[in-house]
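Peer 1: Next come the chains, spelled out residue by residue.
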Amino acid sequence: MLRALRNHHGEPSVRRPLFSPVNLAKAIGALTVAILAGVLLSGGTFAYMNSTVALPSATIKAGSAALTTTGTPLVLTGLYPGQTQSAAFTINNTGIVPLVLNVSGVAAPAADANSLSAALTIRVDVTTAAAGCSILPGTAGWQGTFAATLPTANAPVSLNSTLAAGATATLCLSASLPPSAPSTVQGGTTKSFSVTIGGVQS
Amino acid sequence: MTRSRILSSARSRIGVAVGLVAFLVLVGSGTAQATWTTLSSAQPATASATTASVLLSDISALNTTYNYTGTTSPLVIAPATLQNTGGAPLTYTLTETNTNATLAAKIAVWIWLQVSGSCGTTTVGTAGTLAAIPALPAGATSGTAGQSTVVCIATQLTGTILASSGSTLTANFTLTGKVGANWQGTDPSSITQSVFQAADVTNITCSTSGHGSNTTATVSWSLPAGATGASIYVGSTLVLPDTSTVSFTATKANVGSATSITIKANYASGVQSAGVVQALDSANGSGCG
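Just so you know, the sequences run in chain order A and B. Residue numbers for the first sequence follow our numbering, beginning at 15 and rising by one. Residue numbers for the second sequence follow our numbering, beginning at 4 and rising by one.
Keep in mind that the hints are not guaranteed to be accurate.
Residues on chain A that point at chain B, a partial pick, calculated with CB under 7 Å [claimed, not checked]: (1) Val114; (2) Leu130; (3) Gly212.
Partner residues aside, some chain A positions facing chain B, computed with beta carbon under 8 Å [to be verified]: (4) Gly85; (5) Leu88; (6) Pro112; (7) Leu134; (8) Ala154; (9) Trp156; (10) Thr159; (11) Pro193; (12) Ser194; (13) Val199.
Just so you know, these hints were derived from the structure itself, not from any lab. Even glycine gets a Cβ: it sits at the ideal position worked out from N, Cα and C.
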């Protein structure tokens, strides 16, 4: 049993919805302006004095991040149980940004006749040219066997060392045989394996 | 359209609109970031393992036939080189087996580190026997790759020749070099040692002649190879120390009431055989028994 509403003139009136499309649009607009204003005004400082000067024409060129290795194959010989052989190689940051080095890949060798590769433990360390690889750090940068999960570009292992742009780092690649190495690996030689060093802009 | 539906629709639009605006504001106000990464070219490598191997030099200078008088033989001394012919440092042990445990137990063994390039003429250290040789001396228990170490080995038979006469043995020495739990190299070297066979006289014959108290016995024999003569004992009394004559005539006058004579072969080294006994009948003169 509804009773018709009347305005102050006593005329019947139709009650409008609380938020008409027009009002809704207005509300959204106002809210947008308010939030934008708030965000923009909440950060940074503004200087009221400013000046301009014309710069000579310039070319903007993108920089790069790049690492290069010596690439000379490393030969680790004379391994025996309980012993580690190491060889140094260098990494040069030829880019324009400092890079945090990591091991981004280890390519395991194909099987060899003596199964030597299956018995090896490989490690990669960052050292200095002066220190060389004669004394390795107590904690390896990365260490593992070829049978274990190896680092990849998608799952690199950090070497916790930052290489400045234009700088060169000396790294050690080491191979060791555990004291329990089987007799059958005597005299064996692995097929070629490789290590890829990566860099992440620091 | 009822009032409640109108209200509901309006509120939904408001919610969507507010969310959209908030998203745009937040996304638009975020800082754009880019981190460069790079990879080097692959660094190739290979690895190789060395071997564990050893060499025990020829020790045939210890080959000998013991031939002596008294209760201990002269020393037999020879150097032995222990060489690490592999690429790994090794820990050495020297072991030995033999073919005659009885004789091995009578042969004393010394092993010592050679100094000044000579083994000298006297032993050093504690003796073992060929039944249980002594351990390698300090300074000879390990070797680096390529290293050679010289030890001296001496042997000496204890006891008389006759106690071991004719015995012989082969002693197989083995040098073992180990590294790690499973790597080892071995090399054998053998020697043969014998004890002189002091053979007795052979072909003994005895003939009786005469009667009564003039009965005599003539004993003849042949000397074994290498013997230089014979010694004759009447009973236990030596009556002829070393005769090259291969017969002996027993008379009442020279044997009396003895009931036997013993003939022992003599050798140049002074070794004397155990002897052969010829019985005599002394009841009537000295006939053969």
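Peer 1: A separate judgement is required for each hint: does it hold in the structure or not?
Peer 2: Status of the hints after comparison with the structure:
no., hint, result
1, Val114, "violated, 10 Å"
2, Leu130, "holds, 5 Å"
3, Gly212, "holds, 5 Å"
4, Gly85, "holds, 6 Å"
5, Leu88, "holds, 4 Å"
6, Pro112, "violated, 10 Å"
7, Leu134, "holds, 6 Å"
8, Ala154, "violated, 16 Å"
9, Trp156, "violated, 13 Å"
10, Thr159, "violated, 12 Å"
11, Pro193, "holds, 5 Å"
12, Ser194, "holds, 5 Å"
13, Val199, "holds, 5 Å"
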